[in-house]
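**Q** Here the structure of chain A is known, so what remains is to put chains B and C in place on it, guided by the hints.
Next come the chains, spelled out residue by residue.
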Amino acid sequence: MITDLRFRGASVPKRLFILLMIVVMCVYVLLILYPLFNMVISSFKSNREILTHPFALPDTVDFTNYRVVWVDKGFNIYFLNSLLVTAVSMGLVLLFGSMGAYGVSRYQYRASTIVYMLFLSGIMLPLKAAIIPLFLIIKRLGLIDSRLSVIFIFIAMGLPSTVFILSGFMKGIPMEIEYAARIDGCNDLVIFRRIMMPMTAPAIALVTIYNAVPIWNDFFFPLVFLQTNTRKTLPVGLSTFFGQHATNWSLLFTSLSIAILPMLLLYLFMSRYFIKGMTAGAVK
Amino acid sequence: MNVKRLRKASWIIFFVTPGLLIVGIFILLPLFMSLYNSLFSWNQLIPVQFIGLENFKRLFTGYPYNIRFFNALRNNLIWFLTTMVVQNSLGLLFGYLLSRNIPGYQAFKRIFFIPVLFSIIAVGFLWGLYLKPTGLVNNFLAVIGLDSWRHAWLGEERFATLSIILVNIWRWVGFPSLVFLAAIDNVPRECIEAAHLDGVGEWRMFWRIIFPLIIPSITIIVVLTVIGSLNVFEQIYTMTGLDGGPNYSTDTIGTLFYRTAFGSVDAGSPEIGIGSAIGVVIYLLTFLISLISILSGREKEVQL
Amino acid sequence: MKRYLMLVIVCLAAVSALSATGTTEAPSTSAPAKVELNFWTWRPEDVAFYNKQIGLFEAANPDIHVVQTALKNTEYNTILAAALAGGSGPDVFQGRAYGGLATFADSHYLEPLEQWLPELKNYSAAALLGATSPTDGKIYGSPAVSQTVFMFYNKAIYKKLGLSIPKSWNEMLANFEATKKAGYIPLANGAMEGWTLETMLGGMGPAFYGANTFYNAVVKGEKTFQDPAFIKAIEKMQSLGVYMPDMYMGVSYEDMRAYFFNEVAAHMIGGSYEAAYFKAQNPSLDFDVFAIPGEDPTKPAYVSVYADMNFAMNAATKNKDASVKFLRFLSSKEFGNAMISELKMISSVPGVNASSDPFIARVLELQKNSTPFIFLVGFRYQQPTGSSLWQAAAQGVMAGKLTPAEAAKQVQDGIASYYKPFQK
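Protein chains in written order, with my numbering: chain A, 1 to 284; chain B, 285 to 588; chain C, 589 to 1012.
No lab work stands behind these hints, which were simulated from the structure alone.
Just so you know, nobody snuck in bad clues.
Here are the computed lysine-lysine pairs in the BS3-like style, where the Cα-Cα straight-line distance is at most 27 Å:
id, chain 1, residue 1, chain 2, residue 2
1, C, K808, C, K887
2, B, K341, C, K1008
3, B, K584, A, K171
The structure displayed is predicted, hence computed values, not measured ones.
This is chain A alone, in the form it adopts within the complex:
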């Protein structure tokens, strides 16, 4: 592509600049991969090994920790619950979030800013701090010990940023496209589904990861609201490794390594949506 940054044909200062930038980015990559590596190899160590030699390679690579965590500690159930809760929450966050973003960004009306700010208010204070009133509300709805309680909470937590980011992207889409579609006889719902959504695909991929990770990793709300063991999620199981005076680091790292896998998979899956030039051909 004509505007690519390439070594060939570039002036010397430009080549130096490109090289410097690549070095900087590589340093960052190293800083990312090492902790990941560290976390995984720690899952093969015993507690004492982790505290005494945290950076060394493990003495033996055996998977007993994994078996203990997955089977003995019941993480197989927790994993499924997490999967269920995260998938449903994310699905509805994307659905309601994109709808809300559309309703706020593609129509001009006086109340739009108010609605926008109302959505955004949702992330202006950590919800954790309003746990007592929230508990009362969940109790009133009869949802204590139901996975629906955390699902609703997670949807509510994910909507503000989703609406915010998606509306920003939707604003960037030229109005001509919409006019052309209307002339063709499409109604609002069709425009929303057939045109808006595909064009904001990179933003949707971003928002999915941005919200899925905190939902997947949240331990506080499931800890408060899910009491039956068969309904608990993975991070709740993780929190039981933190004793008051004694933390089980080896099992903790094992479960963290297990926990990051679905997120990695989701991310690799989503990253193919960062495709360039989605709007480029659309006007034509």
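**A** Same frame as chain A, but now just chains B and C:
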């Protein structure tokens, strides 16, 4: 005319209601209920009587809350400035380089977001490990000959907050990078190619053409940074604890709020009235500053 | 169109499947309905122990089923408060002591226990202090565990270097020097986590600020924390910095324990709860404890003591009788003995057989000269608590940012902002 407006209104309601309903019930309602608590005096966990703005007066003028509050707010400001300058500039740079297909961009694009996938517990523990006096950072400094630069990064007052901020930047810089990447990619290719053919240099191309066209995404990042800096809580909780040690140097209004409202296990008991007052202040500050950022961003937007 | 419809249908199906859950319980297997008690603790590391004990209880009481939930210690208070406020709290649970108890007692969430367990009157005064509300003087918890703060030392290192338990402060410093020369870190303590500095004060403070005389005076307001004796205690704590690990401001709780049980450090000021942990991490560690002496070898050396945990009952529980039965079980000598032998904790139940464990026996011997753990016991009832003020000020002192006098003033002013005896 009226039918058209009615139809438009119904569409708006259709799109907006489900989301607004859920946010309303599960966030806004408990939020305002707990902010309402700030107008009462409390006996432990039970409200006693309505005292209006007394709690706020005590917050801003009473010892030690006034000192803690302004100390915390100062730290929030440090969070905001450092994050804006370091994280978002780096993000802009990376986003731009990635959109220009710098060699290796496919790999970089995919790896940059990985830190976001870690759970905060993992990040806190791993980086706490590296920042220890005997940790990797100090070992590295010793190896490259900068022995005198070794410090207790999380233990010394002047370095603690900055260390936590840098860890947070490590975690999040991938996000603005990808947001800006997507935004710059959305700039129509014809614009860039035409400018290139006209002989416009790199620097001007970026500031005169690309930057104005990505203002919406810049607004998004700025507002999220504002909200994030005022709300920051988990990162500090995992790395230096709820009390904002050492000696309150990492304390922010988020940790101050939580520990006042709920007490901290090894040190405090809850003071719900003042805690909720702090919550009100956080909320109002965040609301106002976000609103200002959004409105000023709207003025500068360039529609194609 | 189809894909969207499918997404919506899938979501609805999932939602309906999930809404089928709720508060339905699995039907019990025995003919008369079993009473189910919810029991909450903040000790995930003790789950196995409690399960075993619950097994014993259920064998003796087949009509009661106890469900244990261990919550993360740092979130325990918040979650308990939310559950009790929402009317869904546990029936029996571990309760914090002193100020932590007052929080729930004064909010009327706890059941006064004297009417149900009259035997509580036989507990020691010190133990009961932690389970009594200062507002109405009623007992709200059955005291379970007390902790003591003293100096741990490595016996093997002492034997190797020919050292003996110091009888005076200077002798202790000489011991430190000897271990330092031999290549060990004399004192493992770090200053990164504020509460470990409170523990440090609990270990070496009483020798300088005047133990019980000072405590009683300061609680009444006759003395303040700016008393020269207290400032001297702070100075002495600061002077220990040279014996602490390099860059001790960054040494966390985990680090300092690792130094001690890995035999890299010879001493550590800590609480009695460390014993079980040290034994588990390094079974070959040969350690013991001593009370930290003052400058005068003829005066006794003190340890700080505090009540740590009690078992409390939810005032709104629907199963009062079953809860009382379970509480009585938890307050029995058998249970207390189990805590001593299996958890290595000092049970507060009167009449338990402490000699079964040599470490516990030693602790009880040292407790003959005990003084309350000053901030935790006396000054944790209101914000800003004495503990939080001390922790922050102590960090300032150890970092060299505050002088001992300034730290004392910070603590005094903070407490005086609400503590009536200081406000004369």
